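Chains A, B and C supply the protein sequences, listed in that same order.
Reading the first sequence from the start, the letters are residues 1 to 373 in UniProt numbering.
Reading the second sequence from the start, the letters are residues 1 to 545 in UniProt numbering.
Reading the third sequence from the start, the letters are residues 1 to 286 in UniProt numbering.
Honestly, the hints are just simulated from the structure, not real lab data.
Since this is a predicted model, take the numbers as computed values, not measurements.
Every residue, glycine too, gets a C-beta built ideally from N, C-alpha and C.
Hints are not guaranteed to be accurate.
[Said to hold, decoys possible] DEER-style ranges, computed between Cβ atoms:
1. Pro299(A) x Val274(C): 23 to 31 Å
2. Val328(B) x Ser326(A): 52 to 60 Å
3. Ser138(C) x Val52(A): 34 to 42 Å
4. Leu38(B) x Tyr63(A): 33 to 41 Å
[Said to hold, decoys possible] Taking beta-carbon pairs under 10 Å as the criterion, some of the chain A residues facing chain C (in silico):
5. Thr114
6. Tyr134
7. Leu135
8. Glu209
9. Ile318
10. Ser326
11. Thr328
12. Met330
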Amino acid sequence: MRKVLVLAVMVVAIAGLQRNALASDWNMPVGVTEISRSVYSLHMLIFWICVVIGVVVFGAMFYSLFRYRRSKGAKAAHFHEHTTVEVFWTTIPLLILVAMAVPATATLKEMYDTSESDLDVLITGHQWRWQYEYLGEGVSFFSNLSTPSAQIEGEAPKDEHYLLEVDQPLVLPVDRKVRFLTTSADVIHSWWVPAFAVKKDAMPGFINEAWTRIEEPGIYRGQCAELCGRNHGFMPVVVHAMEQDDFDAWLAERKQQAASAANSVDREWKMDELMAQGEKVYSTICAACHQAEGQGLPPTFPALAGNQALMDDLEKHIGVVLNGVSETAMPAFSGTLNPVDIAAVITYERNAWGNETGDVIQPSDIQARLSSE
Amino acid sequence: MAPKLPPKAPLEHGNSITGGASAHEGEHHYRSGPLRWLLTTNHKEIGTLYLIFSLSMFMVGGIMALVVRLELFQPGLQMVQPEFFNQMTTMHGLIMIFGAVMPGFVGLANWMVPLQVGAPDMALPRLNNFSFWLLPIAFVLLLSTLLMPGGGPNFGWTSYAPLSTTYAPPSTTFFIFSLHMAGISSILGAINIIATILNLRAPGMRLMDMTLFVWTWLITAFLLIAVMPVLAGVLTMMLLDINFGTSFFNAAGGGDPVLFQHLFWFFGHPEVYIMILPAFGIVSVIVPTFARKPLFGYSSMVYATASIAVLSFTVWAHHMFSVGLPLVAELFFMYATMLIAVPTGVKVFNWIATLFRGSITFETAMLFALAFIVLFSIGGFSGLMLAIAPADFQYHDTYFVVAHFHYVLVPGAVFSIMAAVYYWLPKWTGHYPDERLGRWHFWLSVIGVNLLFFPMHFAGLAGMPRRIPDYALQFADFNMASSIGGFLFGFSQLLFIWVIVKCVRGGVKAPARSWDGATDLEWTVPSPAPLHTFETPPDMRRIES
Amino acid sequence: MSGGSYYVPASSKWPIFAGLALAAMLVGLGILLVYGWGSWIMGLGGVAILVVMGLWFRDVIKESRGGLYDAQMDRSFRWGMGWFIFSEVMFFAAFFGTLFYVRTFALPWLDGEGAKGVSALLWPDFAASWPLMNPPGSEIEGPRGIANPWQLPLVNTLFLVTSSITLTIAHEGLKAGHRDSARNCLIVTLILGVCFLLVQGFEYYEAYAHLGITLQAGIYGSTFFLLTGFHGAHVTVGAIILASMLWRLQCGHFERDNHFGFEAAAWYWHFVDVVWIGLFLFVYVF
Ligand code: HEA
Ligand code: HEA
Ligand code: CUA
Ligand SMILES: [Cu+2]
């Protein structure tokens, strides 16, 4: 009996909440794309079919349990075979399954049709941040978790979008078919936004395709959905969908910024400028492995603070950051960070946490090295 | 189903000699010294060893799960750091699957298969001892990785490359070897079970006379032999990628990380049926006993089990819907997966038809079996939902999946093992388990398990990914409920241990046929079953009428 | 089926020693791989495994020759060995599956063909081919050349096929009671097996020294050594088993109608042979 009750409660809860604004807190979100609505209705269709089957099957079972108790004097019958009923309860479920498979097939085909997109975005997973590149537009940036660690450690109250907020969201236009090309720089990640019903794994060395057409402007949140190491839980996806005009304006501005960043490579940077910039880069990118105070997590992630061998060898330091260390988690940053950031972070590492080399690395030197390689 | 005939000759302990020297040596060795348990070749003793091992691993794995639940009690990082959390999740999955559930079933097979087919022992008794002792060795090694520099495996029990190769802690090599040993143990154990069933049945017992527990184990053993080597193979490839610079899972060398997943799940999916088919067998012997009515649709049960086993080789990629398979593959695996609901449904319907017009009582074993039917089916339903590929894009790698597999594994596989323990304890110990305590154990477990796993459906649908140590605020309530349920369920297992200990030490004496509705062969030998049974096989030839 | 004579050994210390020996070997290997020492633990474990297996089988042989085993026991051994070989088949199936997967799916995708052809964006210079001489990533150096299947590998195929034939003749001889011919054919089989291993060793030397086929040479080298390496290991084990059968034959073991140890060894050898045919076709020829 209890189980019927549980089931009933669940049915009522879900049926009730469907009409409720809170629906997405208990159930799959309906989402803001045609596909996500098809997926939602598929989900509800199968759910209800299962509920009905459950009620019938468990109903029959509890009826038997109740009716044929020995304590009520039930005498056991002795039949134990009936071919017709076996055939019956083999075919009926089969037909039900076919009925489910038809709409599922249609939706799946739709999801796989990535042709004729209006905008292509290359999404690269990194431990542990997303990189977005607007293909053909020359715009590319990282998107890092922006929840401060004080909130995570419980030293500050958690705000509304705890763990689901980033420094720079992916910006997309509405009513356009956007194609996502997902890949990874290290391990497998998975890019997921429930409101679009898009979840695609980011495989290192391969590219997967997915697409969406967002219908309403807004901010949509999701998370990395494949275990990717220690900070897998701290790798949110945030998408800011806006009208085409706003999007165009935003894109133009980003291009502008990219151009001016390129200029700043050539100028002479001061130590404190580099340290400030370097600290920012370090804490968003490097700290995930080498830890906030450069202490690392030996043996997997080496310490940078007090790492005398490294401090004595500037060439190696630059080389490692530019090219990574193959066969380890240390990525190559030459392709993902700009020369300013690289120069800044190396300067920072060589002069922070008690490292006192006094070295100042200029972005232009990094630039020169990059172009010579 | 062919009617079961009682053996002609009364079966008494020690009414015959085993081959030559053994009887003598047996007497000699069994009395001597503490080495007895290390060296034993007796199926009952080895069965007991397996069951004790399984219970201990259930505790270890359960405590790891409770660490996970403790951390997830509230949002934020409180108890453990993410890397340790990942090790706990991984180890919990590995230990529960390879350490608790599989050895649990193997232990039951060791005890009951020879008794149910009328055999004097397992077909290859020394090999049996080897299979068992590999397990503790393997798990000591596995657990010791937690103490190694860099920690133990932290990449999930699925060990996806390259997180488990290039990016893995140094202890991974030892993790691989420990699973190799556990795998060898499973393969050899399965070979032994198959040989016993095919070759040691009592004279006259045809395949279609065997109990469903024996049938399901026959098919499970086949699955084990077919897929454990594939796991060994893929682990070996991991080992090579880690230590010898090969490129199996590395695109730069022409390999593919998805290849790892294909190989893993080619093992992994049949593996989940390895953990449920014996459960089906157990339920199929318990339900008729307490409904006092023969199992309905015996032969269709056998065929359904076989179909599940065959289909289980064709569905593996349903774990990989979002890795970017070609559309045709996606469709094929979706259809094949959905098909499995049909034979599974046949089983559920047959159990209910067995109950229908029976004469039902609710001993603890029966309670667990009945809860199994309902809660396993709920897990099966969510499995079916996961099988719908487009919907799985939303469910995949969320707590909805976690809810699914715990429903089939905990109130599924684990409940069936508990049911089996309550059912066969009288045969093992000669005493009935304490019904009152048993009922407490049952009800607390049922309530706990649902409180633990039901809210996970909601958390998953609302978007909570699995394998995360910290979560967004909207998942807080579900997680708190789960954690409370987890502790309730976990501590209720203390009662289980108590019942078992109490039953071993004494209690109401049980006769040979401990349950009035029980008809299988094991109920013809005395309770507790003597060390050697069926040294002269029972004659099961039917009397032509 | 028989009545009441099924032999159940009382207890045995070999299984647990075998378990410990296996653990020592694997742990030793692990320490060697991870920390760079421990080869002596591995070696000790390996030797211990051989010794324990020897003692274990000695018990079995003693019991068998002592007449403790009946026909039913013989069937148990047959089922056991049969299913064990099936498990080996599945082990190799995983490796062949790897080869087929890489050749039909992964490489074409990386080259821009098929369902995941967009992946080629990441590897603009890559062209798929088999054998794969130029892996996608520039840091991985492919092989410089490959072995001609119609030279040494063909010779090796002939060795193994012939050895299966000579083994069958030996078996027939044993059944017919011609122990001398059985012995001679068994020796020939063993010699052919050893020749195979020597040629294989020479091939490996060539591969590393001249052709640049190494474990690190991308997926071609990986699959090549995976398949041939595990096959070679099985040939080695098979040869050890055959050698002990030869020894037993010399000791006067085996009857005309009761020699399952010999038969099991033959099954294993034929299995290894069949795997080689698969290897020859799919690793070397096609
Ligand atoms: C005992 C173990 C067990 C069992 C029996 C099952 C049974 C099933 N499982 Fe489950 N599964 C797991 C253990 C198990 N699973 C585990 C451990 C994972 C996760 C692994 C990981 O990632 O870590 C998993 C994950 C998993 C996934 C991948 C999800 C994801 O990662 O995205 C899928 C997808 O298809 C799936 C499907 C199914 C189906 C269709 C069944 C079917 O066999 C269920 C059939 C049963 C029924 C349907 C109920 C009874 C039937 C009726 C009453 C008849 C009428 C019914 C209908 C016609 C609807 N399972
Ligand atoms: C048969 C297998 C099995 C079983 C029985 C269980 C049992 C439990 N599992 Fe299991 N679980 C898995 C198999 C299983 N699980 C797998 C395969 C995964 C995936 C791993 C991965 O992602 O890689 C997983 C993952 C998993 C997660 C997700 C982790 C994550 O994604 O980060 C969670 C979270 O709550 C969880 C919880 C539990 C709990 C609370 C129990 C409870 O039922 C346990 C209760 C038992 C005990 C507590 C022990 C017995 C208690 C006593 C003897 C009393 C003494 C106890 C105390 C002193 C407390 N499990
Ligand atoms: Cu990235 Cu999980
Ligand atoms: Cu599965």
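Going down the list of hints, with the structure as the test:
For the pair Pro299(A) and Val274(C), the supplied restraint of 23 to 31 Å is violated, since their beta-carbon distance comes to about 45 Å. Against the hinted window of 52 to 60 Å, the Cβ-Cβ separation of Val328(B) and Ser326(A) comes to about 36 Å, which falls outside the hint. Ser138(C) and Val52(A) have their C-beta atoms about 58 Å apart, which leaves the hinted 34 to 42 Å range violated. At about 52 Å, the beta-carbon gap between Leu38(B) and Tyr63(A) misses the expected band of 33 to 41 Å.
The restraint placing Thr114(A) at the interface with chain C holds, with a minimum CB-CB distance near 9 Å, inside the 10 Å limit. The beta carbon of Tyr134(A) comes no nearer than 14 Å to any beta carbon in chain C, farther than 10 Å, and the hint placing it at the interface is violated. A hinted interface residue such as Leu135(A) counts as satisfied when its beta carbon comes closer than 10 Å to some beta carbon of chain C; here the least separation is about 9 Å, so the hint holds. Given the 10 Å rule on beta carbons, the hint for Glu209(A) holds: about 6 Å separates it from the nearest Cβ of chain C.
Checking Ile318(A) against chain C by beta carbon gives a least distance of about 19 Å; that is not within 10 Å, so the hint is violated. The restraint placing Ser326(A) at the interface with chain C holds, with a minimum CB-CB distance near 6 Å, inside the 10 Å limit. A hinted interface residue such as Thr328(A) counts as satisfied when its beta carbon comes closer than 10 Å to some beta carbon of chain C; here the least separation is about 13 Å, so the hint is violated. At about 14 Å, the closest approach between the beta carbon of Met330(A) and any beta carbon in chain C exceeds 10 Å, and the interface hint on this residue is violated.
The structure does not agree with the numbered hints 1, 2, 3, 4, 6, 9, 11, 12 stated previously, though it agrees with the rest.
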